Amino acid sequence: MRRTRNLILGLTLLILFVTGAVYGQGGTSNKAKPNGRATGNGNAHPAAPAIKLSLPNRKDSVKFLIIGDTGTGTAKQHDLAEIMLRSRASFPYEFVLMMGDNMYGGEKPADFKNKFEDVYRPIMAQNVKFYASLGNHDEPAQRFYEFFNMEGKEYYRFTRANAAFYALNSNYMDKKQVKWLEDELAKDTSEWKIAFFHHPPYSSGGKHGSDTQLREVLEPIFVKYGMNVALTGHEHFYERIKPQKGVYYFISGAGGKLRSGDVKDKSPLTEKAFDKDMSFMLAEIVNNQLFFQVISRTGETVDSGILVSKKKQ
Amino acid sequence: MVLSMFSAAATGAQTTATSEVKLTPQEKQLVANFDRRVKDYLKQRAQVKKKLTPLSKEATSAQIEAYQQAFVSGLRGVRAGTKPGYIFIPAFTQYVRTIIQTEFPPRDKAEIKQTILEAETKGVPLKVNYPYPETKELSEMPATLLLKLPQLPKEVKYRFVGRHLLLVDSDNSLIVDYTLNALP
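As given, the protein sequences belong to chains A and B, one line each in that order. Oh and the first sequence: position 141 is 141 in my numbering, straight run, nothing missing. Whatever position you read off the second sequence (first residue = 1), add 1000 for my numbering.
Honestly, the hints are just simulated from the structure, not real lab data. Just so we're clear, the structure is a prediction, and the values are computed from it rather than from any experiment. One or more hints might be untrue.
[Unchecked claim] Quick list of simulated restraints, FRET-style, between CB atoms: (1) B:G1085 <-> A:S54: 51 to 61 Å; (2) A:K52 <-> B:A1046: 55 to 65 Å; (3) B:S1073 <-> A:S54: 52 to 62 Å.
[What the hints assert, rightly or not] Straight-line C-alpha distance at most 35 Å; calculated DSBU-like pairs for lysine-lysine: (4) B:K1022 <-> A:K176; (5) A:K175 <-> B:K1043; (6) B:K1028 <-> A:K153; (7) B:K1113 <-> B:K1083; (8) B:K1022 <-> A:K175; (9) B:K1022 <-> A:K108.
All C-beta atoms in this analysis are idealised placements derived from N, C-alpha and C, irrespective of residue type, glycine included.
Could you build all of it, start to finish, from the sequences and the hints given here?
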């Protein structure tokens, strides 16, 4: 009898302990820091539950993150970076693609520190590499910056497994760059060819909209050589464009700024859009499938899906 | 949700917008002279650059800043007294205006102008040998227009500030030259 009573007491204490611990992680932390970060003024909750993944998270897949228009150094950029960091706990992405506008305003060493290094240091500390492209707020000299991994080039290519990534300089798409792109694509046998650059050839943005002159130059090349996906920024929101001539276009330009309500209603281009908060994309390539998930500053999933490559023969 | 990706092969009939401008003999001469003046700048630039400690491809932000400042300082020294129009002579400015006016249908022309003019470049000094301010936006050069303009070496770039065309150094942002109202 006494043994049973001790057992019940022990179990009760255990339950109280566990309940208290869970409450402590969630409730107490939020109470102490209602705005998420001591330095922030956003609404992210660092102690919130783990981010729900809709990605397969396979062992040998290519895992990466996509973010654009980051370079503000604001508390909200920090908030989003925290969600990026938390995402990595369950989805260990190996690298980050940057869609340009990496540095708004000045480009002094203090700016690189405040708008990039301080924000993403915890992620870089986990050996995550950032690959940058240049936007209309970026000096070309950023190509020499140690943490942008551009190897001194305004446009460049790198590969991972069956995927080739093309960083383009859409701010200055001259003949030389066009020729380079065509030459590289002509000999590229990768299953996935993914371009990333700043200006979106298709966009439902009210402020900027589609960059038709860039589209006129790039789209025929993308179509001819089987570019699968084009990732862009410039617009400060997220948009997945309906496939255009077999190419998937994404805008992920709300990494440091938000243009709330800028996506045009009932745009015929929009498959899915999100302009209520800042966001980033996670992506995973598993053979001929590319899984993507878009996550907001509050850790919510705002879009997800799977692209399937039909490799050009 | 599975989104099917179509093969791109079926659309191979499309052409790229890389068609060159057909030049008259006079325009060929004009462009050749322009190229020569750009090369003159590159020679000055090379003189200065060889005295600098080369910039690593994995430089710190402080190294980049120091390199740019030394580069600009050196170029200002060797280019002291250079007047605007040294590279963009009036005939070349007119050539640019003619390209924009004649090589594009009205809709493209309007989009080119919109792209150039929407950039926030107010406050960029129209001064030769001054650096383009790092705090100012760099206007996107419309891709179709770049394909029609004479190709520049990688060391320099065309940039619009409002309707005015600048030649800017790619490594140190020095305004090498400018010309007014190149955008009609």
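Status of each hint after checking the structure:
1. B:G1085 <-> A:S54: 51 to 61 Å: This hint holds: roughly 59 Å between Cβ atoms.
2. A:K52 <-> B:A1046: 55 to 65 Å: holds (56 Å)
3. B:S1073 <-> A:S54: 52 to 62 Å: holds (54 Å)
4. B:K1022 <-> A:K176: holds (19 Å)
5. A:K175 <-> B:K1043: Roughly 23 Å separates the two Cα atoms, so the pair holds.
6. B:K1028 <-> A:K153: Given that 35 Å is the threshold and the Cα spacing comes to 31 Å, the pair holds.
7. B:K1113 <-> B:K1083: Holds - the C-alpha atoms of K1083 (chain B) and K1113 (chain B) are around 27 Å apart, at most 35 Å.
8. B:K1022 <-> A:K175: Holds: K1022 (chain B) and K175 (chain A) sit about 16 Å apart, inside 35 Å.
9. B:K1022 <-> A:K108: Judged against 35 Å, a Cα distance of about 44 Å means the pair is violated.
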